[in-house]
Amino acid sequence: MASGKYDFALAIGGEAGQGVATPGDVLARIYVRRGLNLNTYNAYQSIIRGGHIFLTVRVSDQEIYTHGDKLDILLCLNQDTMNRHLGLMGPGSKVIYNGDSISPGDAADGVELCPLPVSQLTNNNRNKLLQNTLAVGAIMALQGLDFQVLEESLTLRFERRGQAVVDENVGVARAGYDYAKANFQSFADAPPVGAKPLAVWSGNEALAMGGAAAGVKFYAAYPMSPATGILHWMAQNARNLGIMVRQVEDEIAVSNMVIGAAHVGCRAMCATSGGGFALMSEAVGAASMMEIPVVYINVQRAGPSTGVPTKTEQGDLWQMLGASQGDFERFIVAPYHALDAYNSLPQLFNLTDKYQCPGLLISDLLISEGRYSFDPETLDMHPTIDRGELITEGSSPNGYKRYENTESGISPRALPGLEGYLHIAATDEHDEDSTLISDEFTNPHIRRMMVEKRARKFSHALEQIDPPKLEGPEDAEATLIGWGSTYGVIKEAIQKLAERGVKVNHLPIKWIVPFHGDAVVEVFSSSKRTIIVENNYSGQFARYLRSETGLAADGHIRKYDGEPFVPHHIVEGVLEQLAGETHLYVPYQEVVT
Amino acid sequence: MATTLDVAEDKPENQLTARDFKGLVDPDWCAGCGDFGVLNGLQRACAELGLKPHEILAVSGIGCSSNLPGYFNAFGMHTLHGRSLAYATGAKLANHELTVIVTGGDGDGYGIGGNHFTHTARRNIDLTYIVMNNQIYGLTTGQISPTSSLGMKTKSTPFGSVETPINPITSAIMNGATFVARGFSGDVRHLTELMKQAIQHKGFALVDIFSPCVTFNLDNGHSFFKERVTKLEDEGHDTSDWQSACEKAIAWGDTIYTGLFYRNDEKPDLGQREQVLEKEGPLAHRPLGLSKEQVEGIISRMI
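Protein chains in written order, with this note's numbering: chain A, 168 to 760; chain B, 36 to 338.
Next comes chain A alone, as it looks inside the complex:
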């Protein structure tokens, strides 16, 4: 809690099936209703029962972009959590656990151990999940919050299951609350009350909502972590919003089905992770050849192959750049965070409609599965929708050419069903009137014309997107360059470096294709030292930057252990590089041992 700002983090550890999510959710909702900013990260395994789950919940009255560097409370639901994570706890923090069954380890000085006599406080109730409610009560007490807030929250949560369940939970929570008040020391500062209640969403929910706001009427998916949350939101809201949501046989069906829906006029979208996107790839080229606008989302996880299904990585950049055979244009956007992901989709849809091409969005587990507060009042739920040169009605002109060789390269697109506009959309090369040239005869001049027509569409595409902007002081000792989800952690690391008197600025990259190379060259030309931060081993963005601009950065901070960066990783990497100790810093992940 530096400089009078409220900044508090708690972690809950246990095994799958122990109900780690529920206390996290109850507390998260209490905090956001209070108007506090929230950022959560869940380190979990691809397992339904057992294993180890570690949920971090951070709240603050300031804007926060990561789950942070330190913990104030550790709630251990099992011995394993105590053994693994006690070492993370520093002076002034507290560790809550079941005193009947968990033995504490050697805590650092200033760490308060808070064992709860669970059997006594729950009257030997056999429902093991009640120990979670008990712990939530204790946490509320230690934070100096009113019990009434928790009582309301539990009532809301359990009322569907009847009054007896509500009473049981409220009673147990009360016991935990009273016991903690009487036996442990509360934190000095209670959470403040923010300006207004906030809402909470995951990055996947933000992506789904962004699609819905952009006018998506067709969504298809095959379940794959960590993208499945988008399917769940879409399925839940399908009927209310009039969206056709289909779970189908495989990602190949998904990727082609959305093009079919888009061809007849729907805005259509799908999402998957890298492995699923590999199966989808052939269709990306089909959308390009048939000039049909469609959006694909890749929520990256640690690869290659099945990899680590529940861990994060930025390892699919070149997969997105190179998806599908042939030489063609696509849009690729890598949003910074959940709100940015929401806002990116309407823009991406407008671009794909304007240029009649595929649009790719890169998210990752960190953005998509994290949960964040947001202010619904500032959310643009009615973004501009521009469908480009789309013919949806009108008289039947003679000789409509679907792929007319226009000056802009953009050929007005008529929807199937419209009289007088008959045409074929073909994945073979075709002439302006959509007849195939690959089989009928070989005509190099038509082939060249059509290649140039499709490519010409994009000659002004770069003007449609904002160039990257340098954030922070101009006279910095170093410039950190990141793309996509590293935005928040770099931002917080720079604040921490500033507190230490080290001036560093930030060039975040969101649009991968098209790429504002000149703007980046300009920043590099005036930077004292450039460091690229990315969540992969080989430096995929560094390689891309070099291919687009010829620029090589002075140094690199990379992480590829499956866990995301936290601010101090980057702070340490920058300090070591400024001291001339290394050009490549790979932080040690200490949170999960």
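Check the hints yourself; a few may be wrong.
In silico lysine-lysine, DSSO-like type, Cα no more than 27 angstroms apart, as pairs [to be verified]:
| no. | chain 1 | residue 1 | chain 2 | residue 2 |
| --- | --- | --- | --- | --- |
| 1 | A | Lys348 | A | Lys237 |
| 2 | A | Lys363 | B | Lys327 |
| 3 | A | Lys568 | B | Lys57 |
| 4 | B | Lys87 | A | Lys568 |
Note that these hints are calculated values from the structure, not bench results.
Predicted, not measured: the structure shown is a model, and the values here were computed from it.
Fit chain B to the supplied structure of chain A, relying on the hints for placement.
Only chain B this time, still in chain A's reference frame:
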């Protein structure tokens, strides 16, 4: 154009003929290819049903027979190898007022697209699937297909195929298709009738058609089928009896049955089960964006 408005619907000059469904280019199939008969049958079926070209979307994959949409006057999608059913499903759900006809070959539909064939049948979506089954890969110059007979010698099986072929008819029935028929390209009149019924059927309709490859499959040529095909209609077959249908479908000797094997008009098609399609017309024509009430509903669940 104005004069056509004065012509009553049932007058012959307003009725389209098979010629009106002739595409921009002529087929490039080998002389004698069975696919000519299939194209002819489809053009006749559409004309006789009174369909207009702009009401139809013909979707194909890749292969000799998948070139059909280019020779057929309607909206068309000539898509990726094996993926025609996926495209057609997306298109049909996005605009269920279109008549969506899927065409392709046995390799495209039962081989590389086999997964989609299984699941599209299961969904019983209202599509007509016309498969020109020649038991060979023609466009790649003669390799075995999923329907090639055991022992068949091709460039990829010089010592004879050791794999059992798939039976499209029994597969479709077992997977949940509600209209399953088999035709022969050498009997266009019969084929036309089967296609008309298939297009009119509400649900997933398969018409598997013996469409001989005269260049690469000399084992199963025109005369092979002409000598063997027997119409189920002449045998008093009960099309509601799926077990009898399967028994007749596996017959592969002196008698090979064609006609309608199985039909189920009771099972609702996917569109009828989807509440989203109940009112307001095709999804593709609905306004984009969210209403105030929809926004409030979404946000209230997130606070």
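Quick rundown of the hints versus the structure:
{"no.": "1", "hint": "A:Lys348 / A:Lys237", "in the structure": "holds, 24 angstroms"}
{"no.": "2", "hint": "A:Lys363 / B:Lys327", "in the structure": "holds, 21 angstroms"}
{"no.": "3", "hint": "A:Lys568 / B:Lys57", "in the structure": "holds, 18 angstroms"}
{"no.": "4", "hint": "B:Lys87 / A:Lys568", "in the structure": "holds, 20 angstroms"}
Violated hints for the displayed structure: none, as all numbered hints are satisfied.
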